[in-house]
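**Q** If you want the building blocks of each chain, they are given just below.
There are 2 protein chains.
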Amino acid sequence: MKSDLNNFCVVLHEPRYPENIGAAARCCRNMGIPQMILVRPCRLDSEKMLKMATHEAANLIETMLVFDDLEEALGPFQHVAGTTARTGRQRLPTHTPRDMARKLIELGPENRIALLFGSENRGLTNSQLRLCQSLVNIATTTFSSINLAQSVMILCYELFMAKGHGEKVYPQLATTRELEGMYKHLKRAFIAVELTNPQNPEYWVDNTRRLLGRQELRSKEVKIIRSFCQQILRAIENKKYFRQ
Amino acid sequence: MKSDLNNFCVVLHEPRYPENIGAAARCCRNMGIPQMILVRPCRLDSEKMLKMATHEAANLIETMLVFDDLEEALGPFQHVAGTTARTGRQRLPTHTPRDMARKLIELGPENRIALLFGSENRGLTNSQLRLCQSLVNIATTTFSSINLAQSVMILCYELFMAKGHGEKVYPQLATTRELEGMYKHLKRAFIAVELTNPQNPEYWVDNTRRLLGRQELRSKEVKIIRSFCQQILRAIENKKYFRQ
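One line per chain: the protein sequences are A and B, in this order. Take the first sequence: its position 149, counted from the start at 1, is 150 in the numbering used here, and no numbers get skipped. Take the second sequence: its position 219, counted from the start at 1, is 220 in the numbering used here, and no numbers get skipped.
Bound conformation, chain A alone (with noise of 0.2 Å):
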């Protein structure tokens, strides 16, 4: 299954703000990922993380399990990813969201993965960063203290986006054959208003090919254009009859 996260853990290390855990819980399920782990939490106010959390992560807050010791806590897993805000002075390579997310779904459902997180406002110390098999920077302006549920929110946005769930959803376009019966019925139409100069009918037939060109028509739109069309040449052949 595509969306299948289930090896997939998020890990928070002391966090200070309910509000940050519900809120990253509804990331979780946002994207797939069905467990979280605190690391001796500042407080557990559970109608602070509910609320954030929403009805719909509930789950993910009732069944988090709470540690007081790190090295406990990532005992079972076979991979930590650890996050941080700074980049260079590091033991490992730090990787950019995107890239950790390919390398950590390459590792397989065989394997489970942490990704860590440290406290709103110390972040992961070394001592910390020296349990995790990589680390993760996520880019920012010179202002690069995000928001803890939103890096959370971006790690698990990227896992998804790995798993394959970054198709554009696309609608079906109006068949070649469909566009060619519009532009002569527009055609006609031009003629019918003597909006076309004689001496060059196709001018304004090319003008509006390059327009609609542009516009991934659907085989519904052709239609509305044609009607339109249709109507021009009627009222016209009506007026001509007014006329007699």
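Keep in mind that the hints were calculated from the coordinates and are not lab data. Every clue listed holds true.
No copy is singled out in the list; a pair is fine if it fits within one copy or between any two copies.
Restricting the straight-line Cα-Cα distance to at most 16 Å, the calculated cross-link-like pairs of lysine to aspartate or glutamate (EDC-like) are:
| # | residue 1 | residue 2 |
| --- | --- | --- |
| 1 | K49 | E20 |
| 2 | K52 | E121 |
| 3 | K164 | D5 |
| 4 | K221 | E181 |
| 5 | K188 | E203 |
| 6 | K52 | E20 |
| 7 | K49 | E63 |
| 8 | K241 | E195 |
| 9 | K224 | E181 |
| 10 | K224 | E179 |
| 11 | K185 | E203 |
| 12 | K185 | D207 |
| 13 | K164 | E107 |
| 14 | K240 | E195 |
Predicted, not measured: the structure shown is a model, and the values here were computed from it.
Chain A is already provided as a structure; the job is to place chain B on it using the hints.
**A** Coordinates of chain B only, in the frame set by chain A:
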């Protein structure tokens, strides 16, 4: 300047929670979007907005424009990209945030671009979507309701990436000369501690090569391993003297 997203603006239509406005401002500041517009916000609670924006993004809160009418708010923009949680029945093809970001960056700095987000409970209605030139949908699991500020973050993040900020930060690795010097040193140490079977002197070195070859070693790490080898060789040399 690759960091320049000065022609972008985040437009929130009828946002309900001041916390989300503040969090959206922080995202804009993280990713370099200089301005926000609100249309008919339900509550403009400065304290709550500024708390979520943090000091760094206070300027975005202080300079944001507030309108009563969406069409008027969007008046100066050449392109309006609307976000929607629904796909399919819209009149426009729906893009992923990634495709959308590439497309919007291509429009260049001369075109002012509005990223339009609907209210937390209803999103954008069809009459609001009519003002958009393009639509974007963030893929999710069946729980498609993403927090407003999280949606803002994903779009701002993708724009920042599309501007070329997604490059991996990579340390300089050790050269072949450094690596081969290390393997020779290791071989001498393996022989000295009698780990190596004289029948197959390359066995341990080949295994070590496979192990360390995956590690993307840096010069400093090669030096640490060689220091360890050197101390093993010295210690054994000393022991020999002691025995004599």
